[in-house]
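S.K.: This is what each chain is made of:
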Amino acid sequence: MTIATATTDLMLEATGISKTYGAVVALKSASLAVRPGEVHALMGANGAGKSTLVKILTGAVHPDAGRIVVRGRERTVHSPAEARRGGLVSVYQDPSLIPDLDIRANLRLTETPLEPFRHWLAEFGLADLDLSSRARRLPLASLRIIDLARALAIEPDVLMLDEMTAALPANLTERVLEIVGNMRGGDRSVVFISHRMSEIGSVCDRATVLREGETVGVVDVTAGSEERIVDLMLGQIVDQAIPQAKREERRTTNGERPRLAVQGLGLDAKLYDVSFDVHPGEVLGVVALEGQGQDELFEILAGSRRPSGGQIFVDGTGVSFHHPADAIRVGVVYVGADRAQALLMQRSVRENIAVPFTAHLGRWGLIDLTRERRIVDEAVRRLQIDARAGNEVRRLSGGNQQKVTIARWVAGGVRTMLCFDPTRGIDIRTKQQIYVLLRELAEAGAAVLLYTSELKEVQLVCDRAIVIFGGRVVAEVDRADADEATLLRAAYHLQSGAALPEQLAASAAEMATGGPTTGTTEERVVSA
Amino acid sequence: MTALAATNARPTVELAAWARRNTWTLGLLLLLVLLLAFTKTIQPNYGAFGIQGLGTSIMPLAFATVAQAIVVIAGGIDLSIGSMMALTSVVAATLMQGQGDAFGLAVVAGVLLLGILLGAINGALVVSTRVPDIIVTLATFYVWAGLALLVRAAPGGAASPWLMSLASGPLFSEWLPKAAIVLVVVVAVVWIPLARSRLGVSFYAVGSDQLAAFRSGVAIGRTKVAAYAIAGLFGAVAGLSLTASTGIGTPVPGPYTLQSVAAVVLGGVSLAGGRGGVLGPIIAVIVLQLIQNDTTFLGIDPNYALVIQGVILVGVLILGSILESRRAD
Amino acid sequence: MSAAVTERSGTTAITWRTTLRERPIIPLIGLLALLVVAIDVADPGIVTPSWAGVIVRASIPLAILAGCQTLTMLTGGIDLSVASVASMAGFVTATLIHSPGGVAEGIVVVLIAAALVGLINGVGIGVFKVHPLITTLGMSFVVDGLANVWQLQMVQTGAGVPHVLRVLGSGTIGDVIPYSLVVFVPLAAVIMIGLRRTGYGRLLYAIGDNPVAARLSGVRSWQVLILLYVISALMAAIAGLLVSGLSNTASVTLVDTSLLPSVAAAVIGGTSIFGGRGGFGGTMVGALILTVLTALITVLGLPEPTNQVLFGSIIVIVAAAYTRVTAES
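Residue numbers (my numbering), protein chains in the order written: chain A, 29 to 556; chain B, 43 to 371; chain C, 328 to 656.
Some hints could be false.
Unchecked claim - Simulated restraints, written as ranges between beta carbons of each label pair:
| # | chain 1 | residue 1 | chain 2 | residue 2 | range |
| --- | --- | --- | --- | --- | --- |
| 1 | B | Ala261 | A | Glu318 | 30 to 36 Å |
| 2 | A | Arg333 | B | Ile364 | 19 to 25 Å |
| 3 | B | Arg240 | C | Ala360 | 50 to 56 Å |
| 4 | A | Arg391 | B | Ile364 | 28 to 34 Å |
| 5 | A | Arg203 | B | Glu56 | 26 to 32 Å |
| 6 | C | Phe601 | A | Arg334 | 26 to 32 Å |
Said to hold, decoys possible - Chain C is faced by these chain A residues, among others (derived, beta-carbon under 10 Å):
| # | residue |
| --- | --- |
| 7 | Ala355 |
| 8 | Leu372 |
| 9 | Thr386 |
Everything labelled a hint here was simulated from the structure, so no lab data went into it.
For each residue, glycine too, the CB sits at the ideal point set by N, CA and C.
For reference, chain A alone in the conformation it holds in the complex (with noise of 0.2 Å):
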């Protein structure tokens, strides 16, 4: 019998793990250390380097430099399939199931056995599936769970759960916490990636936490110890580096019309009855769990979708858009979060905030080259974009990609902004520069919808928020009442004061998937 093992006897150990994407920085020095039979946790804030570094275990992302320990013995990961063979596997966010390929084929390419794998389905509930149907034609909740049963069925020395949970309905969810649960103190280990608390607490056993893509603590999970792993999230810098935006008291808005004005949209199975109103001089936030319809309502506010209910005013004139051209024209833009989708990555800075100017056919003769350079610099000072690399959007950081896609809207002069979560993945300078622009453009008289998945911006820029929970407006929160555990609490439609049950938290992961309703006597008779 050896002895000298046991303290050094880890399952995975990786040090100094770096990755840069061009100029981004993902992963600036990451360490992991995983015991035997343990469920480790995996957190951090968005951002923060977790999935990037679940790639590099799994072969998926090339590290820049670190080093990989699996039971010993040093690895080099050049592909998902060799980290398989050493007994590495990852269950990613987004399926990677072959969606033209059945369920049959999609377990050869990964030579995955059969039997286990019914064995794993089974546990699932999912025994009856039918293992000729084309992944393309089935619900993403059915295949992050193929997706898991299959990576089960080999029996991997380290599973790597990237937000399993995030799209499953509760009894899945809770299904799945079971099986990882039943996982500890075996000889293999589990990698957890979830933002929700509740699970970390309940199956994890220690948690290591990323913050800008650096390792900056380990914690053993215990009753009390989320606070400490909040705090090492959150680190100290970003309270004192966000100073207040400067702003002024909302003005009354009383008897004046608003500027966009929601009444009664629905879209199948995903908004039920939403209404508000937001004026001109307003910030007005959305505060959202992940997946509540908020995706839904802002692609319907901004054209690129049509609800199946409801009207919308704008400066109280009815509307009814078919593309995004027909908001456009009645003042209504919309900033996404996901720059790649609003950005002509290959082209300069200067047209891609131009483009709006020429979209319509009245405006395809030749360009006044002076007019839209003035335009344009003018919009570029005022967002401090460092145009530097401006000849390709694609070479800027992601903050000046995103100041990019705001400047083409002010540019042309904003009367109604659509803001989707637009400082996601940015940095904290950058965030403050778009927190004071977002107040200087209320101030100007703009109307302005930010929904934002960080809660500490609600009061930072919003005059006041609502809360939507399951596809419907759940409350609305003044300014003023709008600290992070309010509009927690409201989120997860909580009434103030209670904890946050599990399965509230579980049924809102539901309404993401869209899924087996919670069906509620109050949601019948909307539906009706």
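Since the structure of chain A is already known, use the hints to place chains B and C on it.
M.R.: Just chains B and C now, kept in the frame of chain A:
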């Protein structure tokens, strides 16, 4: 009891599932039957002989289309097929001239290897240069065409008699053209086991979603090279069938490249990759050929056949696009 | 220039890369000059002003056809119907030489026909979202077929390339400056200014770079695409008229061999087939490079097929170079 019932039910269920998946192919098959019936009405003495002629005339394009289908399924496109056929065809005709049957057989084997090599070069260039498939194969279109002209500047050479006999005439029954049997046998021997192998599944995987394929452990580069190489094999068979049906080798590429793309798309293979098979495209080739025959029977200018082909190509895809958007709603 | 600043190091290699990325026309002109020097070394004294005139004259129709590919490729499309439309234009004009309206009538007729073809292409691609490759391929079948039908109808009336077109296509001032520049210079100016200085030109790049972003910015891409394919077809018709004048031939297949070179010239000129990158300046140089290359092969006394092999190799090499320098680091 239940188990028994399940086994009994399975073939029907699977057949239904197969039919659901292959609605496009079944639709084409129906179109083919209707066209055959139509042909019989306008040309009452259309019979075994007509079928034999049909078999011979579709062979080169059918093989070219199978080649194209494999590449397109794997997410690429091969514009070099036409000149690859010309090259393999002249090489075969030149080497076979004045030689015996045994040597002819060796030539066939050599030409098939040549096809695999040409295809593998296409694939290797696509993978290593990361230049879009369409540009790489456009370039190799010229290279193969040039090489074909270097092999022989003018049409000529000869085909082994046994090779020629494969392309025409019936076998077993006068209704069974030998060409069709060759087509079925070659496709069955190569494609069916391939489609069931992990490699074949990888073709679909790479064409359908490269990222997911990579994460599933598919070696993207090697799979692409393999797809092009197998397409090269079928390209060589197409070239050989040109030699077999004409008895000579012609160094100038025929219209096969673009026609194979058209037939592949009509046959239900998505240009986006990952979807379709080789049966649909082969049926599409027969349909296109039959349309051409029918214009002759009807005494219409055969050039209208080309017009009809174009209209069908665009029309069917517009229809497909409308149906797709309906389904999306 | 400014981009170089942000690069991690300022070595000459990076400057070279930056040049090729930002100003591909400079190395292209270098390549062209190299070829001209080579041809002068191979056959001293051949490079004269009148030789240059011949080269330019031969390049013009190719440059126009490559312009069609450039414009459509900028949006991520391609136009495979240009050769058919061009052949049709030259041929139909020649057959209408004896019509009451004379040459003018012929030209108006073919321009209308071309616009119609472009309109159908544009509707298929822009409205019904059918793949540009397939839509334009299908339309090329239709145009080819109809042109052939027209040919059979017109066999009796007799045809001839109108004098005007012969002068325009092949005439020169002082044996140096081709008359076809009268057509080409304004056309090229309109294209280049159009791409750089008009809202419409910007939208071509925008749609090709990121169709979703263009849509979110309020661009209705179907409007842009319909106009684009009409423009492309009209340019193809003009090129066809010049080719028929240059060769003094009226044939329904006259321009067919220029289809792939037109794509090649655009690719060599630095236009990306994925869209959003490129321009007409590079394309013109690309067309010149291909023409000079052909001349060089002839001068070297190499067999014609060598031309094709070299041609293909250059496409791959140049395209690979572009891919390398424009790839995201």
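S.K.: Which of the listed hints are not met by the structure?
M.R.: none
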